[in-house]
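Asks: Here the numbering used here is used: the first residue of the first sequence is 459, the next is one more, and so on.
For the record, the hints were derived by calculation from the structure and aren't laboratory data. As the structure is a prediction and not an experimental result, all values here were calculated from the model. Note that beta-carbon positions come from the ideal geometry of N, C-alpha and C, so glycine has one too. Honestly, I wouldn't trust all of these hints.
[Claimed, not checked] Simulated restraints on C-beta separations:
| hint | residue 1 | residue 2 | range |
| --- | --- | --- | --- |
| 1 | 927 | 838 | 27 to 37 angstroms |
| 2 | 582 | 538 | 41 to 51 angstroms |
| 3 | 538 | 608 | 26 to 36 angstroms |
[To be verified] Straight-line distance between alpha carbons at most 20 angstroms, and here's what the computed EDC-like set of lysine to aspartate or glutamate pairs gives:
| hint | residue 1 | residue 2 |
| --- | --- | --- |
| 4 | 840 | 773 |
| 5 | 802 | 773 |
| 6 | 520 | 503 |
| 7 | 937 | 873 |
| 8 | 895 | 850 |
| 9 | 843 | 883 |
| 10 | 922 | 908 |
| 11 | 713 | 680 |
| 12 | 951 | 901 |
| 13 | 937 | 879 |
| 14 | 699 | 642 |
| 15 | 653 | 612 |
| 16 | 722 | 553 |
| 17 | 613 | 543 |
| 18 | 532 | 543 |
| 19 | 622 | 550 |
| 20 | 829 | 751 |
| 21 | 722 | 681 |
| 22 | 713 | 726 |
| 23 | 520 | 780 |
| 24 | 951 | 913 |
| 25 | 922 | 860 |
| 26 | 872 | 905 |
| 27 | 937 | 815 |
| 28 | 829 | 780 |
| 29 | 545 | 655 |
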Amino acid sequence: MKVRVRFAPSPTGGLHLGGVRTVLYNYLFARHHGGDFVLRIEDTDQNRFVEGAEQYIMDCLKWCGLEPDESPLKGGPYTPYRQSERKPLYKDYAEQLIDSGYAYIAFDTPEELEKMRAEYRRDDNTNPQYDHFTRGLMRNSLTLPAETVAELVEKGTPYVVRIKMPENETVTLTDMIRGEISFDSSLVDDKVLLKADGMPTYHLAVVVDDYLMKITHAFRGEEWLPSAPVHVLLWQYMGWKEHMPQWAHLPLILKPDGNGKLSKRDGDRLGFPVFAMNWFDPKTGETTKGFREMGFLPQAFVNMLAMLGWNPGVEKELFSLDELVQIFSMERVHKGGAKFNFEKAKWFNHQYIQHTDNAVLAEMVKPYIVKELGDGNMEIGKLEKVVGLIKDRCHLLTDFWEQGHFFFATPEIKELAVIKDKWNDQKQQFFTTWQSKLELLTDWNHDALEASCNELAVECGLKKGDVMLPLRIMLVGGKYGPGVFAIAEVIGKEETIKRIKFVTR
RNA sequence: GGCGUGUUGGUCAAUCGGUUAAGACGCCUCCCUUUCACGGAGGAAUGACGGGUUCGACUCCCGUACAUGCUACCA
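The task is simple: from the sequences and hints, build the whole structure.
Replies: See below:
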């Protein structure tokens, strides 16, 4: 049987790290087994719908290089791939469940539900459920006479369909990561299957669509584990048990400090991105920073995510997507949650930057430089040279400006004191003389500059070390950057002399 | 509260009953570099706790603790 997996996000906002990792594991598993990877949009909650979120999700997948074989956009053999567009289909299945006695109709209003919860709330039961006990006290097709039910439905009274959870059954499932897990059915509530607006809840939709779309393996976050028995029972009640996908519940990605699920808030608070790409929320008008805009290479981002909760058991940690496809296995996914470590994420990106060809890197860095320069008249050949000189010290694409701005614009001298404090006549003489020597220098390159500098320093009774630091401050503005003569070579004669003159005048 | 899941250095983690308990990030020291990085060499730092099972337990079992998830007509 052909492996088919799916990523089923709800379009409610930015795509979280954990979401991307779920996509990744789906993708790797599918490719590893030569199967299909499906994108299905779970937009059954009309209240939470956010304009643009679906497109954003697809853009993120594209950026990461994890494109689905079937999706709302691409289509496929099981169209439509948007649950809102599949709405009519779910009702039949809900009715089938009612007819076979596995589900029932409930008329309770939100107020009545709340009243029930308030009434039965105890210290040892802080959250009463709509379950095998309380359903006998509520207004539903189990407690009301058939005629009354028919009448209420006839009159258009809003109702939901709930699953009728059995009592005292043990529901077990085998999770690819965790092994066998079992639940006591008496402790699971009668989940709503079909909402009053006719839309299915996740519980019904996920089962129906996984069945219809012939999904063989279903991967999702650990937060779904508690409702897994509902899904297993539904597969059974629909008569599809032998087609039920194999489950794998992925561990959570935790916040770096303290404990708990990593949230967008943590990123804002700790200064790192949580979403894959910038997310503009049309409701609040706020933009949340993404890994892409923060200066991550998609390959590095994906590599880092692969290693967060999964490990191949070898010492190597840098893998291309293709390599990951080869060695990935669900059994090697960790059971426990992993705290996100932004320093390590930056390390991955640094590694990828070092391994990227300078010409390719220059193209990637260009927008960041142009943005800082305003309308930059920067040529790519120069940028390529600069990138080669400073890539060592860049962890993010955004670091290139910080580390190399002085190649493109005359820097502000921030550490003038370093020069001034040890300034003397000899140095004054050296730099003024050197300026005129540089004017005459025909071979403007690193070695010629260095030779010229050394020679004159000796003549002036100075050591090389006496002039190097002042020269660096003149050219760079601070105590950092690659070799000074390499810098001078790139910025050219005119600019070099200008910067020396600016300080020595 | 109930139920589920989890727990190896600060973090990510290897180990699948026998090891001096890998490796990486971060941190510290030194070297290289007349800057900052990169790189190189070292270093500190780990099996939550208590019981079993076993010749032997990080590994298997049971408790305890802690953490986390869920307990919506949200996913």
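Asks: Going back to the hint list, which numbers does this structure go against?
Replies: Violated hints (numbers, rising): 4, 6, 8, 9, 16, 17, 25, 26, 27 and 28; every other hint is consistent with the structure.
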